[in-house]
Amino acid sequence: MELISQPFITVRDYSKRKFEPGYRTARILPAAILLALLIKTLYPLQAEAQIRTTLFGWEEETRWMITDRYHNYGGPFYDRGLFRFTTPSMTKEHDIDLITYNYSTADDYLWYYEPDTSFRTFFGSFNLGQFIQGAEVRNTVPVGGRVEMPLHFVRRYDMRQDRMLVLLGFNFQIRENHTAGLLHTLTEQKPDLDATFWYRFGEWQNGAVQLEVTALDWANNAAYDLGQRRGTDDPELRRHELRPWLFSFKASSPEYNNLRGELMAGIQTPLQTVGEFEEGSEESFRDRSRNRYIGALIEYAEERFTVGFNWRYRYASFSRENVEEDFNLAVDKGNRQIESSLGAFVALQRGHFYLHNWLWRTFNRDVQRDEHETRHSSGIQLYPFDFSENRWMMRNRLGYDPGERGFLLAVEWSADYRNFLGDDYEYGGTISKAIPYRGFYRFVLTSYNERLTLMFGYRFSRRAFLMVGASYDVDGDLEGGWTTAHVRDKPQRFDGGFGRLMLFW
924 MELISQPFIT
934 VRDYSKRKFE
944 PGYRTARILP
954 AAILLALLIK
964 TLYPLQAEAQ
974 IRTTLFGWEE
984 ETRWMITDRY
994 HNYGGPFYDR
1004 GLFRFTTPSM
1014 TKEHDIDLIT
1024 YNYSTADDYL
1034 WYYEPDTSFR
1044 TFFGSFNLGQ
1054 FIQGAEVRNT
1064 VPVGGRVEMP
1074 LHFVRRYDMR
1084 QDRMLVLLGF
1094 NFQIRENHTA
1104 GLLHTLTEQK
1114 PDLDATFWYR
1124 FGEWQNGAVQ
1134 LEVTALDWAN
1144 NAAYDLGQRR
1154 GTDDPELRRH
1164 ELRPWLFSFK
1174 ASSPEYNNLR
1184 GELMAGIQTP
1194 LQTVGEFEEG
1204 SEESFRDRSR
1214 NRYIGALIEY
1224 AEERFTVGFN
1234 WRYRYASFSR
1244 ENVEEDFNLA
1254 VDKGNRQIES
1264 SLGAFVALQR
1274 GHFYLHNWLW
1284 RTFNRDVQRD
1294 EHETRHSSGI
1304 QLYPFDFSEN
1314 RWMMRNRLGY
1324 DPGERGFLLA
1334 VEWSADYRNF
1344 LGDDYEYGGT
1354 ISKAIPYRGF
1364 YRFVLTSYNE
1374 RLTLMFGYRF
1384 SRRAFLMVGA
1394 SYDVDGDLEG
1404 GWTTAHVRDK
1414 PQRFDGGFGR
1424 LMLFW
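All residue numbers for the sequence shown refer to the numbering used here, where the first residue is 924 and numbers rise by one.
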């Protein structure tokens, strides 16, 4: 891939515009926090249900990326990182779409800490022909004595995943506060079956610790060996030389003096696997990968007032090399990716009105190496690259919720600010950073996205609600994502619609 030497877009230079994402965001959230504290001080609040958040939704999605690799973008042989921080099919508004459409961490708290009989879904416009979509159904069925059978159906579609997954298991109540179980994935891909053995002490509502061991791809080599005996050359098959395991845990503390916390982590043991065909060649290759994650949350909640902080970290490393010593196409490349995110949440409720504020400040780094290939254009080394950024994402919502049956109304401000680090590049008459990475992922990265969303819905009961919304594009899609140049003289304002449904029974 090469950058063309002259811009193919209509460029309007706004390099003199002063825009500091960090400073701008840093002004907005403290103002919201001070407003919440002022209202709380001036107007005593009645004792009602506390607002809580959780990282369990983030932890579960991270586990799906590790365990269900065939349904990640690009499949099991994708060579640009397990967690798909950026993919070629993304648009520059992909991640702010997920902020707007997806469940909030407060929604997740209800999902993971309420009984297991529940359904939730969201869908929102991605482009003219596609929705970003998510859906889950959970049910736990008693099958006799101290044994239960949990059923969990998962559907996810965005530009990181196209996931259709069923999880089936058995829970055994050893004695009070001691539970063990097995959870198994069911999917159409035979090599991608995973079995998780777990033990939990306590119950999530009152504090618990769960230890997990997952045998990843336990049927992979059996499927490969059967194909070899039959003489079947299936490009989807591979043989693990080192079988991967995932060791993980998650914990939730009991509440003490209005404080509670969560801690979770997972580490995948080294995976070493041999695939049959490298792209553009019929020669075997060997892949190696390591992955890990950790998350922590601490939260203080009074009646109608909550403030919390969290940290999320993910690391992925990957390498690919030739298997045979005699080869036509030399392959020795790899990458490592780091995502480290600090988050804050502030919530205030008075009567039926509420104010929720989320903020995340994330450091991303994506380092690509290649021992045999380099690409240059106009004196710039485009590949391999070393990309890093500081990213601010926020979601601020003011709304009305009757609590019982009645109409819902909310207005939400969402923003995604990206401060690319590293050297400056001159391109098309403008000065931009991260040109190699932005050229590798055409029109995906842009320095800022801002939108205002109006939401309207109906609460059928405390345990069921429907919400729909439409967004106004504040930034107008003026920046094209290639450089910091405007590509339109007239802004585009409609930013898509969405729906969200959650119910428990």
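Calculated from the structure, these hints are not laboratory results.
Honestly, I wouldn't trust all of these hints.
[What the hints assert, rightly or not] Derived SDA-like pairs (lysine to any residue); straight-line CA-CA distance at most 25 Å: (1) K1256 <-> D1309; (2) K1113 <-> R1211; (3) K1413 <-> D1346; (4) K1256 <-> T1192; (5) K1256 <-> D1293; (6) K1113 <-> T1040; (7) K1113 <-> R1209; (8) K1113 <-> R1284; (9) K1256 <-> E1199; (10) K1256 <-> W1336; (11) K1256 <-> H1295; (12) K1113 <-> T1285; (13) K1113 <-> F1054; (14) K1113 <-> E1206; (15) K1256 <-> L1160; (16) K1113 <-> G1068; (17) K1113 <-> Q1195; (18) K1256 <-> F1232.
Quick caveat: nothing in here was measured; it's all calculated off a predicted structure.
Taking the hints in turn, this is what the structure says about them:
1. About 14 Å separates the Cα atoms of K1256 and D1309, which keeps this hinted pair within 25 Å; it holds.
2. The straight-line distance between the Cα atoms of K1113 and R1211 is roughly 21 Å, inside the 25 Å bound, and the hint therefore holds.
3. Distance hint between K1413 and D1346 is unfulfilled; the C-alpha atoms sit about 31 Å from each other, more than 25 Å.
4. Straight-line distance between C-alpha atoms of K1256 and T1192 comes to about 20 Å, which keeps the hinted pair within the 25 Å bound.
5. Distance hint between K1256 and D1293 is fulfilled; the C-alpha atoms sit about 4 Å from each other, no more than 25 Å.
6. A hinted pair counts as satisfied when its Cα atoms are at most 25 Å apart, and K1113 with T1040 does not qualify at roughly 29 Å.
7. Our distance criterion of 25 Å between C-alpha atoms is met by K1113 and R1209, whose separation comes to about 21 Å.
8. Between K1113 and R1284, the direct Cα distance comes to roughly 39 Å. Violation of the 25 Å bound is thereby established for this hinted pair.
9. Distance restraint check for K1256 and E1199: the Cα-Cα separation of roughly 17 Å lies within the 25 Å cut-off, and the hinted pair is therefore satisfied.
10. For a cut-off of 25 Å, the pair hint linking K1256 to W1336 is broken: about 41 Å separates their Cα positions.
11. For the hint linking K1256 to H1295, the alpha-carbon distance of about 8 Å falls within 25 Å, and the restraint holds.
12. A hinted pair counts as satisfied when its Cα atoms are at most 25 Å apart, and K1113 with T1285 does not qualify at roughly 36 Å.
13. With a C-alpha separation of about 28 Å, the suggested pairing of K1113 with F1054 is violated against the 25 Å cut-off.
14. As the CA atoms of K1113 and E1206 are separated by approximately 24 Å, the hinted pair is consistent with the 25 Å bound.
15. A distance of roughly 21 Å separates the Cα atoms of K1256 and L1160; the hinted pair therefore holds under the 25 Å criterion.
16. Restraint check for K1113 and G1068: the C-alpha separation of about 32 Å exceeds 25 Å, so the hint is violated.
17. Restraint check: the Cα-Cα separation between K1113 and Q1195 comes to about 19 Å, which is no more than 25 Å; the hinted pair holds.
18. Note on K1256 and F1232: the hinted pairing is violated, with a Cα-Cα distance of about 38 Å set against a maximum of 25 Å.
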